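Chemist: All chains should be modelled from the sequences, with the hints used to inform the complete structure.
Here the protein sequences come in this chain order: A and B. If you're matching positions, the first sequence starts at 1 in the numbering used here and goes up one per residue. If you're matching positions, the second sequence starts at 1001 in the numbering used here and goes up one per residue.
Among the hints, a few may not be true.
To be verified - Only pairs whose alpha carbons sit at most 35 Å apart, straight line, appear in this in silico DSBU-like list of lysine-lysine:
#1 Lys110(A) - Lys1185(B)
#2 Lys1185(B) - Lys203(A)
#3 Lys1102(B) - Lys114(A)
#4 Lys121(A) - Lys1010(B)
#5 Lys121(A) - Lys1185(B)
#6 Lys1185(B) - Lys16(A)
#7 Lys120(A) - Lys1185(B)
#8 Lys1070(B) - Lys110(A)
#9 Lys16(A) - Lys1102(B)
Derived from the structure by calculation, the hints contain no laboratory data. In this text the structure is predicted, and so the values were computed from the model without any measurement.
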Amino acid sequence: MHVMRSKRLTRSVFGKALSLFFLLVLGAFTALPFYYSVINAFKPVEELFLFPPRFMVYNPTWSNFTDIIRVQAEALVPLERYVFNTVFTTLAGTVIYVLIASMAAYPLSKRQFKGQKLLKKVIVSAILFRPEVAALPQYILLSKAGLIDGYGSLILPSVSGSFGVFLMMQFISGFPDEVLEAARIDGCSERGVFFRIVFPSVKPAWLTLIIFTVISLWNQTGAQFVYSESLKLLPVMVTQLSAAGIVRSGVTAALSLLLMLPPMIIFLLAQGAIVETMAHSGIKE
Amino acid sequence: MRKKSAFSGKSGESWFMLSFWLIPFVLFTLIPVGISVAVSFTNYNMLQPARFLGIANYLRMFLDDDIFIKSLSNTLLFALVTGPVGYVLSFAAAWFINDFSKGTRGALTFLFYSPSMVGSVYVIWTYLFSNDSYGVINSFLLSANLLREPIYWLTDPSYNFYVVVIVVLWMSMGNGFLAFVAGLKQLNPVYYESASIDGLQNRWQELWYITLPQMTPQLLIGAVLSVSSAFAIGAQNAALTGNPSTDYSTHTLLLHILDHGTQRLEMGYASAVAVVLFTIMLGSWALISRGLRAFSGKERGCTSCDQSV
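Modeler: Shown next as structure tokens:
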């Protein structure tokens, strides 16, 4: 691998330093909202309401975080319940979606069957349809199926989207056909080809899909699907807290920051695990 | 008989693997979309049963709704500016990042993608572009004597459109960018090796002849995401310039859909606008995907690009 690398064209040291500089400046701009959320969580209430708002904190405090425990002692439903609901739906939804989307993508991009072309067109089209007006029929179908106010209604709509399938299809389509043929000749079943050869090889694809799915599930409010307090998700709980007004604003800022951290951790783990698969798995055309 | 056995044999395996996703997709995505399309031909307010109207909703849009025309032209303008620029920007960022060591690469990817992971991303911009003299930009311009009175960045129709464009572009390093980052790591190193032997001069030639053609699958993912977000701009506008904005200066089709669907309970009309938006998006996707495929399929006079290396 190192020998190969050295033969590749590289930028000059100057060019590299220049591009790093520009990227860092740009990155500092895009990171502003995150920075702002962090300092807000450590601001005492009187600083949170300074006008004009300050991009610094003068008297940082942990009290917003310790207040979470105090506030939640008065709540009807314990905080753990909301945490469990969000963690469970995110985890279940992500595992299910990554599996079924990848399994569906394999025959679509590597096999021939009747109706394949049409199905591919439907998949892309479905990504482009804005869900705003389809939400009502979706709710009606879920309630007809008796799934409203249950975990099913929080998970099923998220695993029925077609973007993940499209994403996996695009990555699998670049996989060399010769390798698949060789495995089939060796007597590997289609399911075996997929699980043993294709799936491990498109790791960057499903790691990316994991990031997308975790972020969207973690942030979903699910407010339209559940009304029992014990089934509500964390973002709803934060909204309810912030509705209590100025008294709760410090706690809300602290909770919002804590809420951001799990998707970020997943993001960093998944990004770290993405490696040059083609080179490492020894597959070359 | 023969047909049937073919269906249950090899394609049967394909359909089996598909079914786990296909069944929820049909039930909870495809059928709801189909129902919305059907509702667009009716008058439906969610309380009384729907009444069939034929194409009346569509006629009303083009003949009797000035705000629709305004939001249609705004949407097309927004999409035309932010779509291509955002797309190129996120590919360029991913491509530049790819040259650095793992640690730097990870940190930069995190910085660029962070707005997608943080809930309240627009708040910062409302402070920067605040209408009064305390707004960061106004106070700077005033103290530098470049202005005599504050500019109403967010409510003045001659400025707020550009403010939204800036914010949308700043947010464009989203899911498409991540797909590019992942795609760049799946490239086959063999091509680069032989290309440098064959005499590619610089990184731009390498990008054009080797990287981009190999990246077609990911370029298509980025394009689908660009189309779906560029034409569905709306949340940013509402958060920054108010909903509705002054003289509907930044009103878009998406906001029009939400206005009629959730505020006025005109689901039929809202669905019809959604169908029009969908048709526009499908049309642009057809053009873009055809263009991208033609680009990658075309032989561009470089012998080492031959796929049978």
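Chemist: Indicate, hint by hint, whether the structure satisfies it.
Modeler: Quick rundown of the hints versus the structure:
For the hint linking Lys110(A) to Lys1185(B), the alpha-carbon distance of about 21 Å falls within 35 Å, and the restraint holds. Proposed proximity of Lys1185(B) and Lys203(A) is supported: the alpha carbons are some 10 Å apart, at most 35 Å. A hinted pair counts as satisfied when its Cα atoms are at most 35 Å apart, and Lys1102(B) with Lys114(A) does not qualify at roughly 44 Å. A distance of roughly 22 Å separates the Cα atoms of Lys121(A) and Lys1010(B); the hinted pair therefore holds under the 35 Å criterion.
For the proposed pair Lys121(A) and Lys1185(B), the alpha carbon gap of about 27 Å is at most 35 Å, so the pair holds. About 19 Å separates the Cα atoms of Lys1185(B) and Lys16(A), which keeps this hinted pair within 35 Å; it holds. Distance hint between Lys120(A) and Lys1185(B) is fulfilled; the C-alpha atoms sit about 25 Å from each other, no more than 35 Å. A hinted pair counts as satisfied when its Cα atoms are at most 35 Å apart, and Lys1070(B) with Lys110(A) does not qualify at roughly 45 Å.
A C-alpha spacing of about 15 Å is found between Lys16(A) and Lys1102(B), which places the hinted pair at or below 35 Å, so the restraint holds.
The structure fails hints 3, 8 (numbered hints given earlier, in ascending order).
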